[in-house]
Every structure is written in C-alpha cells, then in structure tokens.
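Position 166 of the sequence shown, counting from 1, maps to 166 under UniProt numbering, and the rest follow consecutively.
Keep in mind that the hints were calculated from the coordinates and are not lab data. A few of these clues could be false.
Said to hold, decoys possible - Below are the DSBU-like pairs computed for lysine-lysine, each with C-alpha atoms no more than 35 Å apart in a straight line:
| hint | residue 1 | residue 2 |
| --- | --- | --- |
| 1 | 114 | 163 |
| 2 | 36 | 51 |
| 3 | 180 | 205 |
| 4 | 107 | 163 |
| 5 | 205 | 318 |
| 6 | 151 | 203 |
| 7 | 318 | 203 |
| 8 | 318 | 168 |
| 9 | 151 | 180 |
| 10 | 107 | 127 |
| 11 | 116 | 63 |
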Amino acid sequence: MSKEEKKFVDKEETERKIKSRERIVEIIFRMLSGEKIKENEAANYYEIGPKAINNDFKFIREKLEFFTPDYELSSGPYHTITNKGQIGLTEAVAILKILIGSLAFSKAEIILLKDKFLEVIPTAEKKTLNTMTATTLQDYQSRITEPIMDKFKIILDCIINKKAIIFKYNSSVDTTDHTKERTAVPITIYFSNQHFYVLLYLKEKDTTSVYRLDRFQDINPTGHAVNIPYANRPNEGKMINETFLLNGGNYIHYKFRYKASQHVTLDNVPNSHISKDDDPEQPNITTVEGDLYSQGALLWVMSQGTQVEVLEPESLIKAVKERLKDTLKIYDK
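From just these sequences and the hints, can you work out the full model?
As structure tokens, this is what we get:
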C-alpha cells in the first residue's frame with residue numbers, strides 16, 4: 001500500500017471513529033431523556049449494520065457499569081437507560097410527607113422539592129411517587145405564600161462565611177417598627193413547629209435572639225466576617241427542645257401536673273421528663289418538669305384547658321391567671 005493510499009485509509013478510519021463516537025453520545029442522550037430505542041430501528045436510522053449497533057449498545061452498557069453504577073442499560077427488544085436511584089421510594093415518600101405536613105414551604109417549592117426527589121429515585125418508581133403525592137399536593141395550603149428557599153440560601157451562606165446581614169423584620173408585635181433596619185450575624189438555622197428559625201448574634205447588645213425566617217424582609221449580607229464569642233454559640237438540639245411555637249420571654253424551668261398516663265404526658269408536654277415528685281399511685285395523673293421559653297410555655301398551657309395544672313414557676317402561674325381573667329372579661333361584656 002502506497003503512502004497516499006495509507007493516508008486515505010487512515011483518514012477514512014478516523015472519520016468512521018468520530019462518527020461512531022458522535023452516534024454513541026447521541027444514543028446515550030436520547031435514552032437519558034427517556035426514549036426507548038430498538039436496535040434494528042437504530043441501525044436503519046444511523047445507516048449501519050446490526051453488528052455495529054450491537055457493539056454500540058455493548059460499549060454503552062460497559063461504560064455505564066464502570067462510571068455510573070446508579071444507571072443501567074435495560075435489555076429486551078427496546079433499550080433504555082434507567083436510574084437505580086440514590087434513595088428508595090419508601091424514603092422519598094416518607095421525607096416528602098414530612099415536608100408537606102410541615103406546611104413550611106410554599107406550594108411551588110413543595111412541587112419543586114418533589115421533582116428533585118424524582119431525579120434520585122429509581123426510574124421504575126417515578127410514576128408511583130407522583131401518584132402517592134398527587135392528591136396531597138392538589139389540596140396543599142400553606143400559610144407561607146412567599147418562597148422561603150431564597151431567604152434560606154442567603155442566611156445559610158452568611159452562617160457558613162460568618163457574615164452579618166442587614167434586614168427588616170415583620171414582627172408579630174404590632175408596635176414594632178417594621179421599616180427599621182437591623183444588623184446581626186446569623187449563627188444557625190433550625191426547624192420547629194412548622195417554621196424555620198434563625199438564631200442571630202446581636203453584636204451591639206452582645207446577645208443572641210431568635211427570629212422566624214419567613215418574616216425576614218430585604219436581607220442584605222455585609223462584606224465583613226464577624227467572630228462570634230464561644231459563649232454565644234448554640235446547642236441546636238437544646239434550642240429545638242426548648243422552643244414551642246414562641247421562643248420569646250424568659251427561659252424558665254416548669255413543673256406541670258398533667259391528667260394522663262406517663263406515656264401520653266411525655267408525648268404531649270414539650271421538652272418534658274418525669275418529675276421526682278410524680279406519684280406512681282396515680283397512674284392517670286403525671287407530674288413532669290422541663291425547660292421552655294415563657295411565652296411558648298404560656299401558649300401551650302392555655303391550649304390544654306383543664307388538662308394541665310401549673311405547679312411551678314410562680315411567674316407562669318401568675319401569667320396563666322391573668323390570661324384567664326382577660327378571657328373571662330371578653331364574655332362578661
């Protein structure tokens with residue numbers, strides 16, 4: 001074979017390999033998009049023989065097994081790429097049900113989160129996940145109407161980079177100036193009782209305070225990193241236990257007498273444990289103790305009616321009496 005002939009053959013071989021690579025890439029992307037491909041139809045489409053297309057699919061299968069073990073090329077009359085899934089259907093449904101039940105996200109965000117789960121569960125389970133959540137999502141109603149994930153991202157970035165934020169806050173207290181700009185350093189973010197909360201370090205006051213994430217407005221990170229004193233760094237698990245709907249007021253140690261068995265009482269009374277003063281001779285009345293913020297403790301006690309009796313502290317007993325008097329005045333008119 002002359003040099004010119006060899007050069008022509010080499011060029012032809014190179015072009016053939018390039019076409020083969022382009023064809024394989026195209027076939028992969030077609031299957032990743034959900035298309036099912038039959039070998040003889042693919043051979044006709046790409047104008048190649050049965051052996052060549054069979055080698056293509058064999059090559060795709062080998063590379064998928066080596067580089068992306070979460071994906072596999074299905075066998076049968078039609079070829080398609082299926083996702084084995086990073087998590088199973090059971091885990092996905094369980095987590096989604098918790099997220100939906102929390103009412104912490106807008107409807108658009110819940111649908112977006114569901115779509116994220118569809119990307120990481122097995123291909124064969126996608127339809128089932130849609131079916132399992134369709135009715136719930138159709139009737140989903142949350143008090144959170146504005147997207148919260150954008151706020152979450154800003155706060156999270158500032159926590160990671162220890163940067164302060166300037167923000168406005170829609171407080172539940174009517175007398176608060178909602179247009180006032182505040183400056184603080186986010187320390188941590190946590191979820192409790194249907195809402196995300198942010199623990200902020202207030203440098204000017206050298207103290208920490210908890211704010212509800214969905215009430216933040218006009219959040220703007222500053223360019224300065226701030227070191228937070230060790231004493232002001234939180235125990236997040238402890239904070240969640242001590243928060244019940246409201247986390248304002250003083251931090252108190254309570255003692256309640258609750259009209260139920262120990263098991264039911266511990267399930268119902270937030271952050272509680274059995275008191276040493278509990279009387280085992282009274283199985284349907286349980287004395288418990290624990291720690292809560294005073295506003296949350298008052299709210300919980302008022303929601304229980306005659307089911308609970310406050311034994312300590314005296315400040316909470318006084319607050320309950322005053323609240324009951326105010327309630328009676330409404331009906332005395």
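| message | residue 107 and residue 127 were given as a pair; does the straight-line alpha-carbon distance stay at or below 35 Å? | response | Between residue 107 and residue 127 the Cα gap is close to 20 Å, so the pair holds against 35 Å.
| query | Regarding the pair residue 205 and residue 318, is the alpha-carbon distance no greater than 35 Å? | reply | At roughly 29 Å apart (the allowed maximum being 35 Å), residue 318 and residue 205 satisfy the hint.
| request: For the pair supplied as a hint, residue 151 and residue 180, confirm whether the alpha-carbon distance does not exceed 35 Å. | output: holds, 18 Å
| said: Just to be careful, I want the Cα atoms of residue 151 and residue 203 compared with a cutoff of 35 Å; is the pair within it? | reply: holds, 21 Å
| message | Run the distance test for residue 180 versus residue 205: straight-line Cα separation, threshold 35 Å. | response | holds, 17 Å
| Pair hint residue 318 and residue 203, alpha-carbon separation not exceeding 35 Å | holds, 34 Å
| query | Taken at face value, is the distance from the CA of residue 168 to the CA of residue 318 at most 35 Å? | reply | holds, 34 Å
| request: Could you grab the alpha-carbon distance between residue 36 and residue 51 and see if it respects the 35 Å cut-off? | output: Holds: residue 36 and residue 51 sit about 19 Å apart, inside 35 Å.
| request: Starting from residue 116, check that the Cα of residue 63 is at most 35 Å away, please. | output: holds, 25 Å
| message | Check the hint pairing residue 107 with residue 163 against an upper bound of 35 Å on the C-alpha distance. | response | Holds, because 30 Å separates the two Cα atoms, which is no more than 35 Å.
| field | Satisfaction of hint between residue 163 and residue 114, Cα-Cα up to 35 Å | value | holds, 32 Å
Going through the hint list in order, the structure satisfies each hint without exception.
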